[in-house]
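Asker: Chain residues, written in single-letter form:
Number of protein chains: 2
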Amino acid sequence: MITGHVFIATSLDGFIARTDDSLDWLMKHDGGGADTGYQAFIDSVDGIVMGRTSFQTVLGFGGAWPYPVPVVVMSRSLASSDIPEALRDRVEVSAAAPADLMAGLDGRGWRRVYVDGGQVIRAFLEARLITDMVVTVAPVLIGAGKPLFGGLARDIDLDLVAVRSIPPGFVQVSYRVK
Amino acid sequence: MITGHVFIATSLDGFIARTDDSLDWLMKHDGGGADTGYQAFIDSVDGIVMGRTSFQTVLGFGGAWPYPVPVVVMSRSLASSDIPEALRDRVEVSAAAPADLMAGLDGRGWRRVYVDGGQVIRAFLEARLITDMVVTVAPVLIGAGKPLFGGLARDIDLDLVAVRSIPPGFVQVSYRVK
Chain A
1 MITGHVFIAT
11 SLDGFIARTD
21 DSLDWLMKHD
31 GGGADTGYQA
41 FIDSVDGIVM
51 GRTSFQTVLG
61 FGGAWPYPVP
71 VVVMSRSLAS
81 SDIPEALRDR
91 VEVSAAAPAD
101 LMAGLDGRGW
111 RRVYVDGGQV
121 IRAFLEARLI
131 TDMVVTVAPV
141 LIGAGKPLFG
151 GLARDIDLDL
161 VAVRSIPPGF
171 VQVSYRVK
Chain B
1001 MITGHVFIAT
1011 SLDGFIARTD
1021 DSLDWLMKHD
1031 GGGADTGYQA
1041 FIDSVDGIVM
1051 GRTSFQTVLG
1061 FGGAWPYPVP
1071 VVVMSRSLAS
1081 SDIPEALRDR
1091 VEVSAAAPAD
1101 LMAGLDGRGW
1111 RRVYVDGGQV
1121 IRAFLEARLI
1131 TDMVVTVAPV
1141 LIGAGKPLFG
1151 GLARDIDLDL
1161 VAVRSIPPGF
1171 VQVSYRVK
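From first to last, the protein sequence lines are chains A and B. Under my numbering, the first residue of the first sequence is numbered 1, with each subsequent residue one higher. Under my numbering, the first residue of the second sequence is numbered 1001, with each subsequent residue one higher.
Calculated directly from the structure, the hints in this document are not laboratory data. All C-beta atoms, glycine included, are put in the ideal place defined by N, C-alpha and C. A few of these clues could be false.
As the list claims (entries may be wrong) - Here are the simulated BS3-like cross-link-like pairs (lysine-lysine), alpha carbons at most 30 Å apart as the crow flies:
(1) B:Lys1146 <-> A:Lys178
(2) B:Lys1178 <-> B:Lys1146
(3) A:Lys28 <-> B:Lys1178
As the list claims (entries may be wrong) - Chain A residues, not near chain B, derived (Cβ > 10 Å throughout):
(4) Thr3
(5) Ala34
(6) Gln56
(7) Pro70
(8) Ser77
(9) Ala86
(10) Arg90
(11) Ala95
(12) Gln119
(13) Leu129
Construct all of the structure, not just a fragment, from the sequences and the given hints.
Answerer: Here it is as structure tokens:
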């Protein structure tokens, strides 16, 4: 069965990016070198589902495409022609709802999906498509920005799986969704 | 010198109460028995500053008044006559701004102040009157409610002091405000 997995960084006040999508608050606290578990995580998934904003943020970084696995961009406004030609063998666009998208990916043999971006994570949580979440909290309050969480129709109970600190001041918490 | 200290519980999505101020989501995860450090914390302060909402929530619990130290309720709408008579030797109302209030308490010999309630904590953070924060995160997403953080004019950088788990699934993080 296909499952969704979250691995994301936030400020202590729960933002994954500033209002203008910048991540300077995260980068400046990055110790560079400490193992966050990201590589093991990305090596464990068959592909990534992200939102348009996350996709465009990653594109905006320039440089080499960072993902070693296929990416699906959830968007009703993007077309395949909006994907840079060099990425079309690795990136596709889908306008499907979360459950339909996951069913389609399951049919293609995907088992573990990295679910990324605030809106997409919230939609997948609401649809009960997330199995576990690893949240890495940066030691800063930024006051405003794009939230990770918010807006659920009902509570989502979690089991704490692990907690640890990562120098120079990050806290990484891992939860299983009940 | 007088200093402000935060000790508070939130949901993983950063709420300290539901929109109707209820704490059922917190109570239901309470393991009952595990030492959260609250007693040692409350024993370390000279008094408490809280907002009107927090005060009225505590009053609404009924039962014995829970605080062993003096309480100042920050409010521009409450009058001293709104404080139940039985509490008037332990609870006062102040309409002062955070810095003025702290200066006044300093003059009365207070050294460590427990700062409680979302609005009051945010106002004290903004005024740089908080020295450290202990945040205990419950393993649940509630989707909406009264937020702990939000709305700062500029970033507040933190030093991570400690992190630990508290059965049956809480994570307690301690930060010093830089």
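Asker: Hint by hint, say whether it matches the structure.
Answerer: Comparing the hints with the structure gives:
1. In summary, the hint linking B:Lys1146 to A:Lys178 is supported, as the alpha carbons are separated by about 24 Å, within the 30 Å threshold.
2. In summary, the hint linking B:Lys1178 to B:Lys1146 is supported, as the alpha carbons are separated by about 25 Å, within the 30 Å threshold.
3. About 15 Å separates the Cα atoms of A:Lys28 and B:Lys1178, which keeps this hinted pair within 30 Å; it holds.
4. Consistency note on A:Thr3: stated as away from chain B, and its beta-carbon is indeed over 10 Å from all of that chain's, at 18 Å minimum.
5. Residue placement check: A:Ala34 keeps its beta carbon more than 10 Å from all beta carbons of chain B (closest about 13 Å).
6. Distance check on A:Gln56: its Cβ is at least 24 Å (rounded) from any Cβ of chain B, clearing the 10 Å threshold; non-interface status holds.
7. No beta-carbon of chain B comes within 10 Å of the beta-carbon of A:Pro70; the shortest separation is about 28 Å.
8. The beta carbon of A:Ser77 is kept farther than 10 Å from every beta carbon of chain B, the shortest such distance being approximately 26 Å.
9. The non-interface label for A:Ala86 is consistent with chain B: the shortest C-beta to C-beta separation is roughly 36 Å, beyond 10 Å.
10. Every C-beta of chain B lies more than 10 Å from that of A:Arg90, the closest at about 32 Å, which supports listing it as non-interface.
11. Remark: the non-interface label on A:Ala95 is consistent with the geometry, its nearest Cβ contact in chain B lying 25 Å away (cut-off 10 Å).
12. Against chain B, the non-interface label of A:Gln119 holds: every CB pair exceeds 10 Å, the least being about 14 Å.
13. Under the 10 Å C-beta cut-off, the non-interface status given to A:Leu129 relative to chain B holds; the minimum distance is some 14 Å.
No hint from the list above goes unmet by this structure.
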